[in-house]
Amino acid sequence: QTDSLELPVFDYSEPQEYEIGGIKIEGAFFAEENAIIGVTGLSVGQEVRIPGPDIPRAIKNLWRLRLFTNVSIEEEKTIGDVIFLIVRVEERPRFLKHTFTGAKQSRHDDLDEEVNKYIVRGGIVTEDAKVNAAEAIRGYYIEKGYLDATVSVEEVQDTSRANSVRLIFDIDRNDRVKIADINFSGNTAVKDKKLKKQMKETNEKRKLLKGSKFQPTEFENDKEAVVAYYNTLGYRDARVLSDSISRNAKGELVIDIKLNEGNQYYFRDISWRGNSIYDDATLAQVLGIEKGDVYNEEELQTRLSFSQDNADVSSLYMDNGYLFFNVDPIEVAIEGDSIDLEMRIFEGPQATIDKVVINGNDRTHEHVIRREVFTRPGQKFSRSDIIRSQRQIIGLGYFNQETLGIETPVNPDRGTVDIIYTVEEKPSDQLELSAGWGGNRGVIGTLGVTFNNFSLRNLFNREAWHPLPQGDGQRLSLRAQTNGRFYQSYNASITEPWLGGKRPTSLSVSAFYNKYDFGTSQLARKLIIQQASVSLGTRLRWPDDNFVFRTGLNLQTLTLDNWSELFTTDENEVVRTGNYNNFSFQFSLSRNTATDPIFPKQGSNIELSLQATPPYRSLGIRNNPENLETVEERFRYVEYHKWRFNAEWYTPVVGKLVLKTQAKLGYVGSYDDAVGVSPFERFQLGGDGVNNQQFAFAGVDIISLRGYEIEDLANNFVFDPVTRSNRKIATPIFSKYTVELRYPLSLNPSSTIFVLAFAQGGNAWRTARDFNPFDLKRSVGLGARVFLPMFGTLGFDWGYGFDKSRLDPQTGDDNKLSTFNIILGFEPE
Amino acid sequence: CRSEFETIRTSTDPELILKKADAYYDADEYQRAQTLYELVIAPYRGRAEAEQIAYRYAYTYYYTEQFVLASYYFKNFATTYGGSALREEADFMSAYSNYELSPIYRLDQSYSVKAIEGFEEFANRYPNSERVAEANRLIDEMRAKMELKDFESAKLYMDIERYESALTSFENVLKEYPETKRAEEIRYLMAKVQYEYADRSFRLRKPERLEATIALANNFLARFPNSQWQTEVTTILSKSQKELNDLADVRYQSTSTGT
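Protein sequences, first through last, are from chains C and A.
Using my numbering, the letters of the first sequence map in sequence onto residues 1162 to 1990.
Using my numbering, the letters of the second sequence map in sequence onto residues 135 to 393.
Since the hints were derived computationally from the structure, they do not count as laboratory data.
A few of these clues could be false.
[Claimed, not checked] A few chain C residues that face chain A, going by a derived Cβ cut-off under 10 angstroms, partial list only:
#, residue
1, Thr1201
2, Ile1220
3, Arg1253
4, Arg1255
5, His1259
6, Ser1325
7, Val1326
8, Ile1514
9, Asp1515
10, Val1517
11, Gly1521
This one's a predicted model, so the numbers in the text were calculated from it and none came from an experiment.
Even glycine gets a Cβ: it sits at the ideal position worked out from N, Cα and C.
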């Protein structure tokens, strides 16, 4: 029997085994006793050790219900080794829901989040929790600049359910408090204006385009920014002595900041200790700080460890396996305004990579990623290899660039390091489903799908279909486009990026069938093109492994029946009817370092390609002079050599602004003057490169030229004296140069958005003799792009062409000098 | 006019909702049962029915194949109702839900790791449970999968001629999966890779790499005298020894002519 005057305290010195003889519940009104006993995990007849883990666990379980404000378990009595327990609880009304008054609907989600930190639905409400929740709401408004916000909370009995309450938060946010003035005192070396500029979020109200509001956390950051700015100027003792915030007569804020600038310091002697791999001179050169330079802590740290271009002291070691490398700049002497530094270096052992782990790939098969990763087990740790691997992984296009994680846990005992890449899959497939108005040709319907991460081997494995077999990094693209009678186009292609073997060798197989039929029952007018092609691509090791060499074979046949568009020789013979065989080999050499497919920030892509048919006549295969009589005979087996050169560079200018510089050249030549330049495989420069895209399937390369319609380039058409109208032709030579400034508005991979301003020049020529790289049609303009993974690139360009004739060549009306182009689905060449 | 389900969903009578939730659950309509159970969790908190609700609520996630949440709610049940007779089942199901999420070996194995941890915890907590055999079987199954993954990545390095990486990775497989059935194949491949590595090395590096090959080959032959790769490894051994001898002779000659 326990004495009722004494607190029922268990004697902790001697744990003892008891059998539970009974459990009593006190203080419960709405909760059922049996349920409470169930939650405690204790039961009659159970063996418990007291003191032991069972009782605290039971108390914890009861707390977790969030129904009680107080919970205790006490001993009622013991009879021998049988114990009787009392569970005492204090119940309170349960919190059902909360509402806000005086807050915009759009803020409710944010406010709910604040409230939920303190109050849980179905739990209990305490005074403390209510005050905390109200204060959290007020804090939320203060952070948004509403310094005078008030929040009150009211508890209401809810009649819809017994024993429950509802909370009403009444919010009066009041007007946002603006900042009238920011005053600095104590600054002599730097002007007020310059200091205010360092404060990014705390601005005076008269500043244009910037909101003036006071946000406490941002203000603290801005004060630090002011001090950091002083530090970069050598004022390493600078600090904010005090700041005061007051209200003026209009209720606006006045901020006074008192500064102590301190003295300006300079670097004097820099010495190195502990370096055995690199000598002092090498390290000093990499550091790049000279005696007499203004003391700049930030610059010093950058040069030691965080340089953008990896040309800092740490990189020197880190790229050579010295993962444990550490450098500590110690100020060994300060005399007047001069500081002597001693760089204490710990080189440590060279770390070897033990495991390379790839996590987070829940779609893409591991080997697809692992083969791209340059950090490999057994190699020395290298920071630049990691950075390169990161670039390669992103270049695959399957993963979210922003969330790619890299960890390097070390094992100092073994001198090894693991490298863990954590990826997050993003949608990479594209669906194209459209019906568009194709001018006089009526409605054109398109159905296309591109799977960028297909798995051919799982095609017949039903379990791998979710919704499609994927993960092997193969690209499968299927596209059908038709408007019924006039036009049909079917495309299929599949690419395997790595056939196996030592180096990445890709294989592509593709085929297409295009038919145009504008004829009537009286007059045929038809073109059919069929093509099958195979190509192999290999990454080279020399000159460096960014080079890719591709070689391919194209087998194409063209069937023309009274067709009159575009296919014209330089002698102005129109190729109208007959079957033509276009069998060519293709070779291309490219170097690709701008790997981000949507918005490259830096790097370049350069490609030189040659597409060539066998020189049938020179080989003596089609030597018969009869073959030269008609144009149809001359090109029965089409012969040409076609060269393309594309180069683009991406350079970061300032901040997120990127400069794109691009040059494109194309040339189709003949082996034999007697045969002449092929009417097929030519170019059409001008227009938006989108609406005339159908000709791309008709053996013509379509190149856009912003600011100019196709008819604006004199070489793109000839005057036909019979019909007394212009007839469009394709040209064998073109060149185009572009500079473009791009600024990203959103780099979110699910919707990348950027705006651009461009200046462009290009022209098309009919013979090599006319070619003049400086005779360009120039234009400038603006545009915007949105990339949505499911739909590709959407956007528009507005371009203004300078070098146009003022009058329309056909109608003689005033010519429009600007063009407006819509980009749908893909970026035209 | 609203459907019967909508009428119940919007009613404020917890008893009615619970009754219908149980009815849907018994009729295998787990999606609807889940929606309704969710509504009655708060009002039944601290009442006798709460245990059954929490148990069935977890199962609705399991049956609708939302295994991440199923695992979470089973675990939640097990910690909330520590004394429940259903606790053992819930602990097992929490791990089993993670097992259901464990993908083919080519993909991320985080859920396999979680499931293995769960099953190991289960086997420790209920050593006499009849489910332990099943738990052990599933652990073996998932470890085999993870072993295959590591083995394949070592083979990838072998295929792209990254010999050092392949050797390190094979060694790690042996270390991490001592129970592996591939020990013979892995040790054979290591001898083979090490030989190719030595064969394509600069002369300066050759002797040490040939010696490593000899060590690996001898080790293999001693361990697996009746192996199907026995002749091949013997050839590797004799070739390495011969090359090493040749190199030693060259070194001897060059030093002797030098003096």
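Checklist line | Violating hint indices (sorted, rising) | finding: Checked against the structure, the hints that fail are numbers 2, 3, 5, 7, while the rest are satisfied.
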